[in-house]
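Q: Chains as they are written, first to last, in my numbering: chain D, 1 to 287; chain V, 1001 to 1382; chain P, 2001 to 2153.
Treat the hints with care, as some may be off.
Quick list of the computed label-pair ranges, beta carbon to beta carbon [as the list claims (entries may be wrong)]:
| # | chain 1 | residue 1 | chain 2 | residue 2 | range |
| --- | --- | --- | --- | --- | --- |
| 1 | D | Gly-96 | V | Leu-1283 | 12 to 22 Å |
| 2 | P | Phe-2013 | D | Ile-211 | 48 to 58 Å |
| 3 | D | Arg-168 | P | Glu-2100 | 16 to 26 Å |
| 4 | V | Ser-1173 | D | Lys-92 | 44 to 54 Å |
| 5 | P | Glu-2117 | D | Val-222 | 35 to 45 Å |
| 6 | D | Arg-277 | V | Ser-1021 | 42 to 52 Å |
I should point out that these hints are in silico values taken from the structure, not numbers from a laboratory. Beta carbons: idealized from backbone N, C-alpha and C, even for Gly.
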Amino acid sequence: METTAEIARPAPISEPMIPSLYRIQRVRRETHDTFTLEAKPEGSEGIRPFAPGQFNMLYAYGMGEVPISISGDPADSRRILHTIRAVGAVTKAMRGLKPGDLLGVRGPFGSHWPVDESAGSDIVIVAGGIGLAPLRPALYRLIAERERYGKVVLLYGARTPEDILFHRELKQWRAQFDLDVHVTVDRATAEWRGNVGVVTTLLRKASFDPISTVAMVCGPEVMMRFAIVELQRRGIPSDNVFLSMERNMKCAVGFCGHCQYGPTFICRDGPVFPYSRIGLLFATREI
Amino acid sequence: MSFEGDQLPALFGALQGRGYSVVGPTVQDDTIVLDVLASARDLPIGRSCDQEKATYRLRSRPDQAFFGFTLGPHSWKKYLHIPSLRLWEAHRNENGFEISSGQEPASKHAFLGVRPCELHAILIQDRVLMSGDYVDPAYEARRENTLIIAVNCTEAGGTCFCASMGTGPKAASGFDLALTEVLQENRHFFVAEIGTDRGEEILSDVPHSDAGDDACSAAADAVARTAGQMGRQLDTAGIRDILVRNPAHPRWDQVAMRCMTCGNCTMVCPTCFCTTVEDSTDLTAARAERRRVWDSCFTLDFSYIHGGSVRSSAKARFRQWMTHKFAAWIDQFGESGCVGCGRCITWCPVGIDVTEEIAAIRSGTAAGKRPLSVKETPRGNA
Amino acid sequence: METLEHILAEHPFLHGLARPHLELIVGCASNVRFDPGQFLFHEGEEADRFYVIRHGKVRVALFAPGRGPITIQTVDEGDILGWSWLLAPYRWHFDAQAVELTRAIALDGECLRTKCEHDHELGYELLKRFSHIMVEYLEATRLQLLDFYGNNR
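With the sequences and hints as input, model every part of the structure.
A: Structure, rendered in structure tokens:
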């Protein structure tokens, strides 16, 4: 897809396998297992511009690298944000990083959410769990240029209220009259006064015109599968449903072969795909 | 051009004199492998190889041909897309750490004895590693420092099917020099085709003469005959759709019962390029290093993401490899990933034959062309 | 009652129901309202009605000893709450508590069951609609059961 204005797809980096050094400015605890690292480049080069949906390969000294979606505002040229869930050795080591520590960063890589390309449309965003992190940059851009879009709906599902990410932003967004924000959890204790139910039920109740809607979906693959069933049931064409896929990655530049998904390389043809491109793959097990 | 067989040492001299390390076939452990050669005497003179499913046997020829065999388990990716490469190292300092990326300069290699199928494989890896948005600098450096002397095939192997894949038995382009060995009753010579200025320059140091029509047709005939002697065949018409559209074909379950996911096929395949990275530190963690090493899509971890592997069954992994090689590669790089060298058939310990598997899927039957023999009895999944 | 008939006729749950059947149902209907915190019913109580939520929010919860009430679903405007009235022994299997001020139409279970016994066509129409709702809730519950936000995929 061709982009129009400012956020063009960044030019390929000349030494893509060598990490740049970034210094951690701040570590914010989001939930019991999820945290956000804010970092600035250590050297003289500035932050490389990125498009919403792109990711970096982050390196923890001596431990290894992981692909992490960039979760900050593309308009922020001073620092870069990554929201990380501590699930393996490398991400657990990253959780131990402190302000002042160094982080290796390679990127940005991959395809992006069609934010610019969807000007004029209604936007429905369906996020599940950590899936809200790769979508947050898209939300920042949509809000920054709100007048270019029709309805903007955010549907977000988390496991429990304690697992909800970005509480402050969600509150701000919910308070905006021109954004439709609905949050649900899979289960809750009595203090929670919001919705309880799987995120696809929010989709059933959301109102939007399928002919002029672009949907952006990110979350566990199972969740995306059922969300897409519902989106298609409502009549959104597959060309206008975008999802972010994930696979094992080692190089992020199309050489190691690990991230292949059918004929696509998720590191360069994805991670964001229109559903029309991968629908058959999505329905095939173990591919 | 042509030159006599006993002038082969002069070719070595011309190469070594220009600083090239000559790499070529040689016998080690009853197998013809690729290694650095000191002289023409290191070539597998008078040796040949019999290859079939799960079978490789070296034997002696009645003559003294230098290149009277086809292929061994090594391919030239051993020297271009090397098995283990240090990408960079990091050192702790008072600031945190720093990364240094110096690469050792690549040595100059002359590949002597590159078969046409292998030449295609090198060009295929060129496309994978150098033609996209990113270029692999280590591969590019080695490639630039490599001189290629191809050798056309005058005998086909038991598992060869280059004719089906359009990659041989004659080298068409991509070489500096291409040789065809001709053994006649009273003459043993090479017909040499010049591919580049560099090749011409090398040849100028080897006593040679105009080949003459007889010599040229002898060479051409030998090669042309080979095309009709292939041990295997593969119908490639519509192969991409056949594989992409049949992820649930029962044949995949059948072959999965035999496949041990050992990954031999990926190790010997001249186009397989998958790698992984290994991050390590020394004992005090003062120094950290990242290496890139060969990997295989047959390993369980290959597709691991938080919690499990996407392709955990042998069926899924075999399907991934074969579909990538023969179908997805076409979508990704505009050509097939297979050159018909047949190594995967020879070196598969249970004798899985890709030409058979594809024919079975094409014909729609689970049983395939041939009944299973005693050697091929199905076994449970590893 | 006229207002109730109008409201019920418009509701998607009863969409397509023939007028005589609609009138039968309205005969079992009443307007209800719950303040925030008020329970609609408790687990184990007799399930003598079901609710068509008009607005507000109700939490469906199960009490787990040591953990307290766990909310497993919320229903709001447009949702149907309760199917235990359909099947003996007609007991509620969970608690329902209003989270916000909630207005609903309550439909008397025994009244409806009697009418359905006499008019099997009405019974079939209601069961078709309830099956649809139960399947929807079952599928949603299954997805929640997968716990797909958890650590394993």
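Q: Each of the hints needs a verdict: does it hold here or not?
A: Here's how the hints hold up against the structure:
no., hint, verdict
1, Gly-96(D) to Leu-1283(V): 12 to 22 Å, "holds (20 Å)"
2, Phe-2013(P) to Ile-211(D): 48 to 58 Å, "violated (27 Å)"
3, Arg-168(D) to Glu-2100(P): 16 to 26 Å, "holds (23 Å)"
4, Ser-1173(V) to Lys-92(D): 44 to 54 Å, "holds (52 Å)"
5, Glu-2117(P) to Val-222(D): 35 to 45 Å, "holds (42 Å)"
6, Arg-277(D) to Ser-1021(V): 42 to 52 Å, "holds (46 Å)"
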